[in-house]
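K.L.:
Protein chains in written order, with this note's numbering: chain A, 1 to 147; chain B, 1001 to 1396.
Derived from the structure by calculation, the hints contain no laboratory data.
Treat the hints with caution; some may be incorrect.
[As the list claims (entries may be wrong)] Here are a few chain B residues that sit away from chain A, every Cβ distance over 10 Å (derived from the structure):
id, residue
1, Asn1060
2, Tyr1071
3, Val1076
4, Gly1092
5, Thr1153
6, His1181
7, Leu1187
8, Ala1189
9, Phe1193
10, Met1217
11, Arg1221
12, Thr1355
[As the list claims (entries may be wrong)] In silico DSSO-like cross-links for lysine-lysine, where the CA-CA straight-line distance does not exceed 30 Å:
id, chain 1, residue 1, chain 2, residue 2
13, B, Lys1204, A, Lys26
14, A, Lys28, B, Lys1204
15, B, Lys1267, B, Lys1299
16, A, Lys69, A, Lys28
17, A, Lys26, A, Lys69
From a predicted model like this one, the values you see are computed outputs, not experimental measurements.
Don't be surprised by glycine CBs; every beta carbon is placed ideally from N, CA and C.
What follows is the residue order along each chain.
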Amino acid sequence: MSTACTILLVEDNQSDVFLVERAFQKAKVPHLLQVVEDGEQAVAYLSGAGPYSDRSRFPLPLFVLLDLKLPRKSGFEVLEWLRRQPAIRRVPVVVLTSSNHIEDIDRAYDSGANSYLVKVADPIAVAELARAIEQYWVNLNQQPELG
Amino acid sequence: MSALPDLRPPQAARSHGTSDDRFGRVVQCVSPYAIYLLDAGGCVISWNSCAERMAGYQANEILDRHFSVFYPPEEVERGTPAANLQAALVAGHYEDESWRLRKDRSRFLASVAITPIYDRQGNHTGFSKTTRDLTECCKRMDRMEVHTIQVETRSAELERLTSALQEANRAMESFAYSVSHDLRAPLRAMWGFAEALQEDYGEKLDEQGRRYTRSVMDAARRMDELIEDLLAYSRLSRVEMELSSVELEATLREVVEEVCTGDTRCKRSIAVAAPLPSVIAHRLTLIQVLTNLLSNALKFVASGTRPQVRVFAEAHDRSIRLWMEDNGLGIAPEHLQRIFLPFERLHGPAPYPGTGIGLAIVSKGMERMGGRAGVESELGRGSRFWIELPAADEGQ
């Protein structure tokens, strides 16, 4: 397993996790979705700490799909922390949240988000979103060098 | 007043109102003023008859009591009476205008002056205190003072209301925020799982089972639209609107594109009587208003009828009235007013789905932009909705 095939999903809502996984399967995203449920776990995963120290099992992701409203540490905090880590600060982050408030959108970009997407309810729109993420962030986007 | 103290011994002072009492004779005739003599600690040792009338106490009820009995409880708690005496001692005189209490606990606005009293040797022996009941005494004299204080009281009240309103707005904002966050999460699950059920297990369900699943999804879709419209409506009530000159024609073209989403037949059914003037409006709100009116005009037609919408403008004084005339179902006169209220619907969900908030958005949006909205209609003869906004340029 390598960076090239891992996406880290930071999402505390189990239904949303199920629906994102299902939409990715349907969009035939040939990638492994690693899921963590709160901000602290996201920090642990990205820094390879504790249960995530084995990088062969928990590789650095191609990009992070990050919810903003999270237990223990918010998405903003995770984002701000990540951008301060010299070795992994360039990992692309795609915010995926239910808030379409301009304050949240601006703060996310100010904190270093690479993209901001709003969760949708309509399953057809969810499928389109998954396909768009696959096409853009997996196929088109050029990966930065880490470290 | 500085001559008052050494006029008589303390005993004489207590026999208030006697004819040989020079203090009494001096003070009884100045009736709009209540005059008190206080000892050094602030206890009442003498007063005039006006004081009796003003405060509502009999002489025997008030003599020897501390003068703080005239202050409202919150002032006593703050230590104001003692502070006032101290201020008089330090500065030689103290004056203010504030609220005082009568015996029946009713309040009156009073102008109060306190002066310390010294004996011939320069020892501090007490205070003289004059009180004028402003609410009664000033009717002839200086109403202005009272008015000023009333205005101050009212502007303080207004300030309080304004900040309460801002607080309510913030509460509304956070309510809308949690609606968009929290209410939508279970909705996504409900809709997504119903779809997964239909897709993965549809073949195992019979026709009735599949119909139930579709009903869940339809309900989810309606709830999603309802939340979206409610948020749009509440945002409309809260946001600051900066008004500027907006070109009606370009805006309307944009709205037609949005409503018809590339359907040329739809576009052909909308006739815009160009040129249209510019108006003073908030562009995004105007787009919201026009989108709602235009989609209603296209939606509410009898089945089998091709919708036809005519849009034209009229200049009225310094304002522009934009009309949208359709060939739709029309509205009975008894419904013309209530259709602009939130959640009011004249039709069941089929064949005219909707949340019932569209025209409420129109009405609220126009109100926020300082404009108006209205309708003329007859059942079966189409509707003519209009909006009115200030004209942007002279002569247009």
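K.L.:
Decide, holds or violated, for the assertion that all CB atoms of chain A are farther than 10 Å from the CB of Thr1153 of chain B.
P.N.:
The claim stands: Thr1153 of chain B keeps its Cβ more than 10 Å from every Cβ of chain A (closest is about 37 Å).
K.L.:
Just double-check Phe1193 of chain B for me: nearest Cβ-Cβ distance to chain A has to come out over 10 Å.
P.N.:
violated, 7 Å
K.L.:
Please confirm whether Ala1189 of chain B is truly not at the interface, meaning its C-beta sits more than 10 Å away from all C-beta atoms of chain A.
P.N.:
The claim is violated: Ala1189 of chain B sits with its nearest Cβ about 4 Å from chain A, within 10 Å.
K.L.:
Beyond 10 Å on every Cβ pair: is that true for Thr1355 of chain B relative to chain A?
P.N.:
Given that every Cβ of chain A is farther than 10 Å from that of Thr1355 of chain B, nearest at about 15 Å, it holds.
K.L.:
Would you assess whether Tyr1071 of chain B, listed as outside the interface, keeps its beta-carbon beyond 10 Å of every beta-carbon in chain A?
P.N.:
holds, 48 Å
K.L.:
Assess, step by step, whether the Cα of Lys1204 of chain B is no farther than 30 Å from the Cα of Lys26 of chain A, and give holds or violated.
P.N.:
Given that 30 Å is the threshold and the Cα spacing comes to 20 Å, the pair holds.
K.L.:
For the pair supplied as a hint, Lys1267 of chain B and Lys1299 of chain B, confirm whether the alpha-carbon distance does not exceed 30 Å.
P.N.:
Within the cut-off at roughly 14 Å; holds.
K.L.:
According to the definition I'm using, a residue is off the interface if its beta carbon is farther than 10 Å from all beta carbons of the partner; does Leu1187 of chain B meet that for chain A?
P.N.:
Given that some Cβ of chain A is not farther than 10 Å from that of Leu1187 of chain B, nearest at about 5 Å, it is violated.
K.L.:
At 10 Å, judged by beta carbons, does Met1217 of chain B keep clear of chain A as stated?
P.N.:
Violated: least Cβ distance 8 Å, not greater than 10 Å.
K.L.:
For the pair supplied as a hint, Lys26 of chain A and Lys69 of chain A, is the alpha-carbon distance within the 30 Å limit?
P.N.:
The hint holds at about 26 Å.
K.L.:
Is it the case that Arg1221 of chain B keeps its Cβ farther than 10 Å from each residue Cβ in chain A?
P.N.:
violated, 7 Å
K.L.:
Does Lys1204 of chain B sit within 30 Å of Lys28 of chain A, going by the straight-line distance between their CA atoms?
P.N.:
holds, 25 Å
The structure shown violates the earlier hints numbered 6, 7, 8, 9, 10, 11.
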